[in-house]
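K.L.:
Residue strings, one per chain:
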Amino acid sequence: SQQGEEDPQALSIQEGENATMNCSYKTSINNLQWYRQNSGRGLVHLILIRSNEREKHSGRLRVTLDTSKKSSSLLITASRAADTASYFCATAPTNAGKSTFGDGTTLTVKP
Amino acid sequence: EAGVAQSPRYKIIEKRQSVAFWCNPISGHATLYWYQQILGQGPKLLIQFQNNGVVDDSQLPKDRFSAERLKGVDSTLKIQPAKLEDSAVYLCASSYRRVAGGAVQYFGPGTRLTVT
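Top to bottom, those sequences are chains F and V. Residue -10 is where the first sequence starts when you use the numbering used here, and the numbers rise one by one after that. Residue 43 is where the second sequence starts when you use the numbering used here, and the numbers rise one by one after that.
Derived from the structure by calculation, the hints contain no laboratory data. Warning: the hint list may mix true and false statements.
Pairs of lysine to aspartate or glutamate residues, derived as EDC-like cross-links and limited to a Cα-Cα distance of at most 16 angstroms, are as follows [as the list claims (entries may be wrong)]:
#1 F/15 <-> F/-6
#2 V/86 <-> F/-6
#3 F/15 <-> F/55
#4 V/86 <-> F/92
#5 V/57 <-> V/127
#6 V/86 <-> V/56
All chains should be modelled from the sequences, with the hints used to inform the complete structure.
P.N.:
Following this line, the structure appears as structure tokens:
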């Protein structure tokens, strides 16, 4: 089964609104990463948060990590139509050397 | 710097035929990954190389899939014979080094395979 699972599966918002998506995982991790995938393209790395960090910012992105709940959230503020994409979390368990991807959240931002 | 290159971008074959995909990682990246991404799902790791050695191929269907990374640079992934369920996007990624905690990966555009 997947280590990380994103929620919701799909999200539709208006331009200018904030978008929040969540990732839950099962085992202890070293880090958690968020990636974006535009339709027909490869994945692009957005942000990495380590297990000893609680919050991280990058431009309009804010990522939080709660290791006690084994969950993370990605907040995109003031969304734009160009943010329309699928967003994946990738978790790196402490007992393995690889990251595992969830099935993603598909975000649609309407102009 | 140049990104991860993959070819071809699209491929249509009939079941039981063979197909090969090529990947050239970012220069200097020691770790190379091949993923299979079925429509509506996240990428699933097929094989991971560190230089020219395999470090993880636990999810590679070895009866029909093979991969190599000669000289520790570019890599090829082959499917022989293909099945209908192999229809997917095959993504190649690379990272600077293998990190126990999970490295940042840089992805190519992928090859979309359709098996009819």
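K.L.:
Would you check the hint for residue 86 of chain V and residue 92 of chain F, treating anything up to 16 angstroms between C-alpha atoms as holding?
P.N.:
OK: residue 86 of chain V and residue 92 of chain F at ~10 angstroms, within 16 angstroms.
K.L.:
Taking 16 angstroms as the top limit, are the C-alpha atoms of residue 86 of chain V and residue 56 of chain V close enough?
P.N.:
Not satisfied, since the Cα-Cα distance of roughly 23 angstroms exceeds 16 angstroms.
K.L.:
Would you mind confirming whether the straight-line C-alpha gap from residue 15 of chain F to residue -6 of chain F stays at or under 16 angstroms?
P.N.:
Judged against 16 angstroms, a Cα distance of about 9 angstroms means the pair holds.
K.L.:
Given the hint that residue 15 of chain F pairs with residue 55 of chain F, does the C-alpha gap stay at or below 16 angstroms?
P.N.:
Within the cut-off at roughly 12 angstroms; holds.
K.L.:
Does residue -6 of chain F sit within 16 angstroms of residue 86 of chain V, going by the straight-line distance between their CA atoms?
P.N.:
holds, 13 angstroms
K.L.:
For the pair we were handed, residue 57 of chain V and residue 127 of chain V, check the Cα-Cα distance against 16 angstroms.
P.N.:
holds, 9 angstroms
In this structure, the one hint that does not hold is number 6.
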